[in-house]
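A.B. asks: Position chains B, C and D with the ligands relative to chain A; hints supplied.
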Amino acid sequence: MSTQETTGQTQSLTLVQAVRDGLYTEMSADEDVIVMGEDVGKNGGVFRATEGLWEQFGDDRVIDTPLAESGIVGTAVGMAAYGLKPVPEIQFSGFMYPAFDQIVSHVARLRNRSRGRFTCPMVIRAPYGGGIRAPEHHSESKEAFYAHEAGLKVVMPSTPYDTKGLLISAIRDPDPVIFLEPKLIYRAFRGDVPEDEYTVPIGEATTRREGSDVSVFTYGAMTRPTMEAVEELAEEGIDAEMIDLRTVSPLDREAIVESFKKTGRAVVVNEAPKTGSLAGEITAIIQEEALLYQEAPVNRVSGFDVPYPLYALEDYYLPNAARITKAITETVEF
Amino acid sequence: MSTQETTGQTQSLTLVQAVRDGLYTEMSADEDVIVMGEDVGKNGGVFRATEGLWEQFGDDRVIDTPLAESGIVGTAVGMAAYGLKPVPEIQFSGFMYPAFDQIVSHVARLRNRSRGRFTCPMVIRAPYGGGIRAPEHHSESKEAFYAHEAGLKVVMPSTPYDTKGLLISAIRDPDPVIFLEPKLIYRAFRGDVPEDEYTVPIGEATTRREGSDVSVFTYGAMTRPTMEAVEELAEEGIDAEMIDLRTVSPLDREAIVESFKKTGRAVVVNEAPKTGSLAGEITAIIQEEALLYQEAPVNRVSGFDVPYPLYALEDYYLPNAARITKAITETVEF
Amino acid sequence: MSVLERDPGDLVQVLDEDGAVVGELPDIGDETIVQMYRDMVLARHFDKRAVSLQRQGRMGTYPPLSGQEAAQIGSAHALGDDDWLFPSYREHGASFVRGIPLDQTLLYWMGHEAGNKVPDDVNVFPVAVPIATQTLHATGAAWAASLKGDTDTAMLCYFGDGATSEGDFHEALNFAGVFDTPSVFFCNNNQWAISVPREHQTASETIAQKATAYGFEGVQVDGMDPLAVYKVTREALEKATAAAPPDSGRRPTLIEAVQYRFGAHTTADDPSVYRDAEEVERWQAKDPIPRLESFCRDRGLLDDESIEAIDTDVTDRVAEAIESAESVARPLPEALFESVYETMPDRHHDQLAEIEALRAEHGDEVFFE
Amino acid sequence: MSVLERDPGDLVQVLDEDGAVVGELPDIGDETIVQMYRDMVLARHFDKRAVSLQRQGRMGTYPPLSGQEAAQIGSAHALGDDDWLFPSYREHGASFVRGIPLDQTLLYWMGHEAGNKVPDDVNVFPVAVPIATQTLHATGAAWAASLKGDTDTAMLCYFGDGATSEGDFHEALNFAGVFDTPSVFFCNNNQWAISVPREHQTASETIAQKATAYGFEGVQVDGMDPLAVYKVTREALEKATAAAPPDSGRRPTLIEAVQYRFGAHTTADDPSVYRDAEEVERWQAKDPIPRLESFCRDRGLLDDESIEAIDTDVTDRVAEAIESAESVARPLPEALFESVYETMPDRHHDQLAEIEALRAEHGDEVFFE
Ligand SMILES: Cc1ncc(C[n+]2csc(CCOP(=O)(O)OP(=O)(O)O)c2C)c(N)n1
Ligand SMILES: Cc1ncc(C[n+]2csc(CCOP(=O)(O)OP(=O)(O)O)c2C)c(N)n1
Ligand SMILES: [Mg+2]
Ligand SMILES: [Mg+2]
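Chains A, B, C and D, in that order, give the protein sequences. Going by this note's numbering, the first residue of the first sequence is number 76, and it counts up by one from there. Going by this note's numbering, the first residue of the second sequence is number 76, and it counts up by one from there. Going by this note's numbering, the first residue of the third sequence is number 1247, and it counts up by one from there. Going by this note's numbering, the first residue of the fourth sequence is number 1247, and it counts up by one from there.
Wrong hints could be hidden among the right ones.
Cβ-to-Cβ under 8 Å is the rule here; a few derived chain D residues that face chain C [unchecked claim]:
{"#": "1", "residue": "Ala1360"}
{"#": "2", "residue": "Ser1411"}
{"#": "3", "residue": "Gly1413"}
{"#": "4", "residue": "Asp1414"}
{"#": "5", "residue": "His1416"}
{"#": "6", "residue": "Glu1417"}
{"#": "7", "residue": "Asn1420"}
{"#": "8", "residue": "His1446"}
{"#": "9", "residue": "Thr1448"}
{"#": "10", "residue": "Ser1450"}
{"#": "11", "residue": "Gln1455"}
{"#": "12", "residue": "Thr1458"}
{"#": "13", "residue": "Ala1459"}
{"#": "14", "residue": "Trp1529"}
{"#": "15", "residue": "Glu1572"}
{"#": "16", "residue": "Arg1576"}
For the record, the hints were derived by calculation from the structure and aren't laboratory data. Note that CB positions come from ideal geometry on N, CA and C, so glycine has one too.
In isolation and in its complexed conformation, chain A is listed as follows (with noise of 0.2 Å):
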């Protein structure tokens, strides 16, 4: 069940491709793993995310629904309260809504209102983010909704690694998971991707660059620009800190506070709208638990509070290197 099995065999894959190869790895362990959405089957999905699962698992286990979302998730419940592990798609975030009901109302509930006779295991998988030039609707990153939501866990992986073995662990949670996809970056460059099943846990955080100036708390797309920002920094001698927090729900305290206490200075950056988004939490944690540590305000790089526009504007929307770079250094010399 974890790295120690792998063969060790890679595959150098984008993060797209990690999504499919880690449904394909669960599938082919545990028979109730089924998927199901629109366009998930023959077409093999809209973004090929599940790119030859139905010829391989056929029309029972890879299953194209009638378009409804609700539908989906609510069908989803009742099939994992009757033992099957379903991965629902929803086919860009944004239409996560319909099923809004079905999510906070039952998907998070049920263990709790059964006090345990049903549980309701299952992932359900969304792209979300802007950046690609699409349509209305298709960029959000509302990750807030879910992570205020008790008994759902959330998941923003950024790399192919993280994105198989976090899928791995959400499909074996007995939990139910919301996993976001940050779709800028699904095919943005290739990574190394063991060809076995392997975990990486829900809930801890990762270092991706250490340092010791200023701690920088980001996940999913938002890596990269962060991680361009930071190294730039780095050359003019900012040595910053680049936490990729990987799970936004639960979130990884522990990571968050022991690099601020290092740091004594903090930049989250996230895409959602600031007002309400995780930038906030995050930043309540810190003074609550390092207060004494701090030495400048924590600063929000964040999508703004608008809805997210179409995509002749979206570059003025979306953080970049500049902005954060930006921020970091009024953090550092605050």
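C.D. replies: Relative to the frame of chain A, chains B, C and D with the ligands by itself:
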């Protein structure tokens, strides 16, 4: 349109009577204002918030709808675009989720999407919050969902006077307002309410008690145990300032920051689950704008990160005066 | 011909309002019929006591079922061992038939999550408060049964007339139609969704005809006739578990059980505000209990004596259940955090500690004053 | 007898596949027919150019309409001056007929919100991307018109076959049935919802028959026959705006326009993955443009010369629209904050200032590299 016009006559009303009075006032003044929802007509609403309106304004302006929240909010979007000012009631805020897609994808965005060609002036009213020994899903406090969505305003009054004045402002507002009513205190007390129309501005906090030792920020039903705690502490020599935010989107940043600069300490009290609630946002605002004044961590007294329990457990869940007192004391003594 | 293959506006009846047989009897033993009578009497008595507990402040808001016993008891008795039940919030009678102890139902309405912890060997889903949402769970579970090859298992799902207006109802029936799930959708059309009458809920003449939209059969049954309900439900369940489609006609069914809620929507509701006493009286003439009683007396299955014995037994059992439920202590704070996740996360430990610190300092009373 | 009063499985046709008249012609002037032809040719040409702009990287993802011109143009021409249109995202042709300039449609797909700023005198709702959500807006606006006494106004709402599976579709039609809103629900059943075929979307034999669930009429029309579409839509609009119910039969209608999308779902889609070329060919035989052309030639309304003139005119107009759209400058950052609220809140000023500071420091390029 403002307090000046009133005759000076007041009535002593409960908070829910003030809702009704606000609706009555605006429906009398503007025939485009209509009320719609489940059981709002002959039945006068399950909390009697629309009592007598159907008799007064008839079937065409006080409309019992089929049992379908997305239907209620989605048709209200079309009505608003056509020139009516719908005031849909959702029976409990826990039942807003079937309408979540319409709220975030359309209500919040119609103006922006059409660059002002179509607008969506409407007030979605719903009773929120716990403490009335109600069944599951009848006690949630999920204002953070709506405050994270640009394009919406979110109002949460705590007194009969404010309720009527804010409701009238909300109905007259050119933009959509989510109006969350603290059902715990629907009938807990009475307050003087002018008979005539008057407005209380959206987006302005009010100071319920001036103090210099610590700022306590709260809203809605939590104002009551908070005030209890603050008054108790006053006797013990702790001089707390108590700010009722009244609107949680937009937050009154100025009021928050100003009070904090005075006291250097803050406690935020709300009944939403702590993680991802607006207490985090308020904390982030404070430390962004007034870190140098800060003398203690901002203390969040919130609900716990669990589904709102059935009523045998709710007294443990809801912040009470003892918990608030403790948090204030700790903050002052930090 | 199956009783399901008829015009959805053509009401299936077995007993008339006086309990006389007017239709073909279902294939059912006398013992079961008497058991159904007993269960209906129990449900009615339970209901009366529950309402009174609420009035006395010994229980929270409670949704009464009186008038709706035949629909619940008749359909629940039609279920096979492997079948599952997906209730809304009003089907205490049906849940009891399927094995949920009365004290657990009371506990639930007394605000204890424990009431929703359905016993392990009982396949009844927990109470669903958000209207119509359970129709999707039922479809999903039925679909899973079918995918797993459990061909003897069907899922019976209850919901109200009001529930048919929700999007989830539509999606659930549509999925069921597309995937041929072993589903029986059972609409307890009690004429009212709180204060909104059935005619105002939809312009469709019957609810049964809505099945047309999903490509399967809909049937209207007299929901205050326990034998008709049994019969229709049994046929629908058989159809649901027939050999695999397409050869066999294994298909879902929508049943509209026409009935009436005699009492308030819940104890928080006052129906006199929105409906006439006269209408209530008209429907009381269809009361399922005297109807089945008179049928049973005619057939010699019941007499004064056995009926009195049933009444006494039922009274005792409900009294015992109340005692048992009321003897359960208020749950401890840790119950708040229990089973939110399989494993309690760190922040839950911190939050529980916060409560415990307050309890240690001030005693438990500080939460309940 | 109204063409609406028929079995919902009985397809209404006026022209056969060769353009020969096989049904009763609608009451429509020759000029309008020629205009419809012209609009269909324009829509087809616009579509071709739009796809090619996308291929050249001059436009974002675009949903083509080719094959669906008759449904759009036929129905849009049936609208009266006061009627409103609620499109999904594919009805560029219908929107053009109702007054949305071509360059605005292009602008929208080039990622400019300005494209959605429908001109003041045009009653077309902005593009609705979340499937089926617009059905509720259309019902609500129709209801408002009825409440305000605007009895000449009806609302035409487009959506796809896939959209009928969403809960919002159900709720919209149910509200319309209950409140007798002046609504025409127009389903562009193009056989596919991306890769999911119509038969997999629902087990109901026709989409038209779903109207039964809402108590009003449903009708199936050959959606590739512009005259049949016109006729059915016109009758439905008349029914919607008839004198007030109950006397008159003022009722909503569900129209199922059976048609086919010749091209990809959007430019991001590859239909060869999920459907056969043969199927496409079969439907291409029903192409609405040659059908109406042949009808017009037969009636002497068009000849080679006039057709060539139309082609030239259409080519010019689309070319102009492209030029115009491409000449629009990228919006400035303040457009992000524009019209989120009527008045820009403080935090928007701060956030705009953040962008402006970066622009001042690094130039605009920093956002676009
Ligand atoms: C989604 C949702 N909306 C509103 C409510 C509030 N509510 C509880 S019961 C009810 C009426 C239900 O009517 P019906 O479906 O006919 O069932 P009945 O109560 O008559 O058995 C309403 C509106 C709810 N529980 N869930
Ligand atoms: C709520 C929602 N879910 C999913 C999508 C993604 N999506 C866009 S178009 C489409 C298929 C729509 O099919 P149909 O309704 O038949 O319309 P068509 O595209 O064929 O015109 C899907 C799944 C969406 N836009 N909205
Ligand atoms: Mg009912
Ligand atoms: Mg389609």
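A.B. asks: All hints are to be evaluated individually against the structure, with a verdict given for each.
C.D. replies: So, going through the hints one by one against the coordinates:
Checking Ala1360 of chain D against chain C by beta carbon gives a least distance of about 33 Å; that is not within 8 Å, so the hint is violated. Interface hint at Ser1411 of chain D: satisfied, since its Cβ lies 6 Å from the closest Cβ of chain C, which is below the 8 Å cut-off. Interface hint at Gly1413 of chain D: satisfied, since its Cβ lies 2 Å from the closest Cβ of chain C, which is below the 8 Å cut-off. Interface hint status for Asp1414 of chain D: upheld, as the beta-carbon distance to the closest one in chain C is roughly 6 Å, under 8 Å.
Checking His1416 of chain D against chain C by beta carbon gives a least distance of about 3 Å; that is within 8 Å, so the hint holds. About 5 Å separates the beta-carbon of Glu1417 of chain D from the nearest beta-carbon of chain C, less than 8 Å, and the hint is met. For Asn1420 of chain D, the suggested interface contact is upheld, since its CB lies about 5 Å from the closest CB of chain C, less than 8 Å. With its C-beta approaching chain C no nearer than about 6 Å, His1446 of chain D sits inside the 8 Å limit, and its interface hint holds.
Given the 8 Å rule on beta carbons, the hint for Thr1448 of chain D holds: about 6 Å separates it from the nearest Cβ of chain C. The interface hint given for Ser1450 of chain D holds, since its Cβ lies 4 Å from the closest Cβ of chain C, which is under the 8 Å cut-off. Proximity of Gln1455 of chain D to chain C holds as hinted, the smallest CB-CB distance being about 6 Å (cut-off 8 Å). This hint holds: Thr1458 of chain D has a C-beta 5 Å from the nearest C-beta of chain C, less than the 8 Å allowed.
The closest approach between the C-beta of Ala1459 of chain D and any C-beta of chain C is roughly 4 Å, which is under the 8 Å cut-off, so the hint is satisfied. Residue-level restraint check for Trp1529 of chain D is violated (minimum Cβ-Cβ distance to chain C is 23 Å; threshold 8 Å). Taking 8 Å as the C-beta contact cut-off toward chain C, the hint placing Glu1572 of chain D at the interface is violated, the least distance being around 41 Å. Violation of the interface hint for Arg1576 of chain D is found here, the shortest Cβ-Cβ separation to chain C being roughly 39 Å, above the 8 Å cut-off.
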